[in-house]
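*Asks:* This is what each chain is made of:
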Amino acid sequence: MIPALAADGLLAAGILALALGCVATRRAFASAALFIAYGLLLALAWARLDAPDVALTEASIGAGLSGVLLLGGVRRLEGLAEPSPDAETGPLLTILIGIGCAALTVAIGAAVLLLPDPTPSLAPQVAANLATTDLGNPVTAVLMSFRALDTLLESAVVLLAVVCVWALTPEGGWGGVAGLRQPVVRDGPLALLARVLPPLGIVIAIHILWVGADAPGGKFQAAAVLAAMWLMPWMAGLAPAPRIDARWLRLVLAAGPALFILIGLGGALAEGAFLAYPPGWAKPLILAIEIVLTASIAVALALLVMGPPEPPR
Amino acid sequence: MTEFLLAAALLVLVTVLGGLVRVLRGPADADRIMAAQLLGTGGIAALLLAGVAMAAPALFDLALILAVLAAFASVAMARLAPGDDPREPGP
Amino acid sequence: MSLLADGVTILCVLAGLVFFAAGTVGLLRFPDTASRLHALTKADHLGLGLVVLGLLPQMDSLAGILRLLAFWALVLLASAATGPMIARLLRRQGGIT
Chain A
1 MIPALAADGL LAAGILALAL GCVATRRAFA SAALFIAYGL LLALAWARLD APDVALTEAS
61 IGAGLSGVLL LGGVRRLEGL AEPSPDAETG PLLTILIGIG CAALTVAIGA AVLLLPDPTP
121 SLAPQVAANL ATTDLGNPVT AVLMSFRALD TLLESAVVLL AVVCVWALTP EGGWGGVAGL
181 RQPVVRDGPL ALLARVLPPL GIVIAIHILW VGADAPGGKF QAAAVLAAMW LMPWMAGLAP
241 APRIDARWLR LVLAAGPALF ILIGLGGALA EGAFLAYPPG WAKPLILAIE IVLTASIAVA
301 LALLVMGPPE PPR
Chain B
1 MTEFLLAAAL LVLVTVLGGL VRVLRGPADA DRIMAAQLLG TGGIAALLLA GVAMAAPALF
61 DLALILAVLA AFASVAMARL APGDDPREPG P
Chain C
1 MSLLADGVTI LCVLAGLVFF AAGTVGLLRF PDTASRLHAL TKADHLGLGL VVLGLLPQMD
61 SLAGILRLLA FWALVLLASA ATGPMIARLL RRQGGIT
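Chains as they are written, first to last, in the working numbering: chain A, 1 to 313; chain B, 1 to 91; chain C, 1 to 97.
Isolated chain A, as found in the complex (with noise of 0.2 Å):
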């Protein structure tokens, strides 16, 4: 017992001491390795709360795919010109960010200190509907049924930031190929990587989509592992990006939200409720979203990393 209250404090004071790196660390990149390594940390912490789907998305998303947007960021920062001193903050911006974000985090505290006691949760309602899902996983019932349209809105939000990333594309660079363009490397470890890990990550990903029916894993997960065997060998010059007017990439991005959106509206007409699924169409209808999602999130989230396109020199 003693042992355990230990390191898990040890992993609380960790996780701490990460997130105050990552934030006070000056350098960029510094940062952005700090923040990888905090993830990490925070999926253990999530896997250690008994929480193992929280822990495959943090792990996935947050660590991995997040982590490696940041670097890439971090990256395209290099080529630009230092900010020039009068675009600093003011101190009296400075203490305003500073005084808004005491609040919030006092608000949260607060909010966390003042549960009440039995914590209120629908678990046991979950629990008593579960068999009508034809779901063995209770957290992919929710995503999927009883709250399917908070997942709904999730997908649309990543298609939003895909069309938020290619508005930043510069002058002249509208329907160019997505992101700056990365050097060939033929071999050496790199090359090896990027050609040796991706079959061995989609079989890993098709592995999490399907257990997820019945134990921890999902679309999500799987979306960010495909999204990451397609920026290995990407990074390696092997495999071209993308242009972003392709017709291709634009039906893929949008048949996932496009057919969840259509799976509600039938059930609109079906059962007299949107997103509504009839009586044991559930799984095989829910099946097809998750399949289908994972294909428009894996895309959206490879290109999110990418970038928008540079302009041609």
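None of these hints come from the bench; they were simulated from the model.
Don't take every hint at face value.
[Said to hold, decoys possible] List time: in silico SDA-like cross-link candidates among lysine to any residue, alpha-carbon distance up to 20 Å: (1) Lys283/A - Pro312/A; (2) Lys42/C - Val21/B; (3) Lys42/C - Phe4/B; (4) Lys42/C - Ala22/C; (5) Lys42/C - Leu11/B; (6) Lys42/C - Gly18/B; (7) Lys283/A - Leu130/A.
[Stated by the list, open to error] Which stretches of chain B does chain A cover? Using the computed rule of at least three CB atoms under 8 Å from a CB of chain A, they are: (8) 7 to 21; (9) 32 to 40; (10) 49 to 62; (11) 68 to 82.
[To be verified] Okay, the calculated beta carbon distance ranges per label pair: (12) Leu3/C - Leu104/A: 53 to 61 Å; (13) Ala13/A - Phe4/B: 36 to 44 Å; (14) Leu104/A - Thr2/B: 52 to 60 Å; (15) Pro27/B - Leu262/A: 26 to 34 Å; (16) Leu269/A - Phe4/B: 52 to 60 Å; (17) Leu10/A - Gly7/C: 24 to 32 Å; (18) Glu3/B - Leu115/A: 17 to 25 Å; (19) Glu271/A - Pro57/B: 29 to 37 Å.
From the three backbone atoms N, C-alpha and C, an ideal C-beta is built for every residue, glycine too.
Based on the hints, put chains B and C in the right spot on chain A.
*Replies:* Positioned in the frame of chain A, the structure of chains B and C alone reads:
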């Protein structure tokens, strides 16, 4: 056996947490990448030990994701760090 | 038989722990980055390898055994590839002369 494996998982975790000092202090970018990588490997070992001890396949899947994405993140860190040019021949 | 299996597990996992500890101590105490890279690869390859080896007797199916070995192979591959990449980065940034 279960207690031993769980204790070993905790010990691995505590050990690699010590490496955090290197992620925080550096000084070289390579030091931070290495310490993050050690954290990933230690996390995988701890998850495998705990997964076998508690017969929890979910922890194995988590270790699998961690293994793939830690490799991806390490490569990205080494590739995207300032000043690296991948075309140069290896050491 | 089970006693022997447990013995192998305890021995190998303990040896793995030693390598993890050695890797961390090396990462913290070695004087320069290149030596620290050497310490890291020991923890990656041997630490995890010995832990996996120790867990093998606890698996009751061939699939479980293959799965564990796949973890090790994956980490070996990744670590073997990132090692030279980190060393190259170090040289570019002036760490190795």
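*Asks:* All hints are to be evaluated individually against the structure, with a verdict given for each.
*Replies:* Evaluated hints:
1. Lys283/A - Pro312/A: Between Lys283/A and Pro312/A the Cα gap is close to 48 Å, so the pair fails against 20 Å, i.e. violated.
2. Lys42/C - Val21/B: With Cα atoms ~19 Å apart, Lys42/C and Val21/B stay inside 20 Å; holds.
3. Lys42/C - Phe4/B: 23 Å, violated
4. Lys42/C - Ala22/C: Holds, at about 8 Å.
5. Lys42/C - Leu11/B: Roughly 17 Å separates the two Cα atoms, so the pair holds.
6. Lys42/C - Gly18/B: 16 Å, holds
7. Lys283/A - Leu130/A: Distance of about 11 Å is within 20 Å: holds.
8. 7 to 21: As far as the stretch 7 to 21 of chain B goes, the hint holds, because 6 residues have Cβ atoms under 8 Å from chain A.
9. 32 to 40: holds (count 6)
10. 49 to 62: holds (count 7)
11. 68 to 82: holds (count 13)
12. Leu3/C - Leu104/A: 53 to 61 Å: 57 Å, holds
13. Ala13/A - Phe4/B: 36 to 44 Å: Because 26 Å falls outside the window, the suggested range is violated.
14. Leu104/A - Thr2/B: 52 to 60 Å: 42 Å, violated
15. Pro27/B - Leu262/A: 26 to 34 Å: 55 Å, violated
16. Leu269/A - Phe4/B: 52 to 60 Å: Holds - the Cβ-Cβ distance for Leu269/A and Phe4/B, about 59 Å, lies within 52 to 60 Å.
17. Leu10/A - Gly7/C: 24 to 32 Å: Since Leu10/A and Gly7/C have Cβ atoms about 30 Å apart, the given range 24 to 32 Å holds.
18. Glu3/B - Leu115/A: 17 to 25 Å: 33 Å, violated
19. Glu271/A - Pro57/B: 29 to 37 Å: 35 Å, holds
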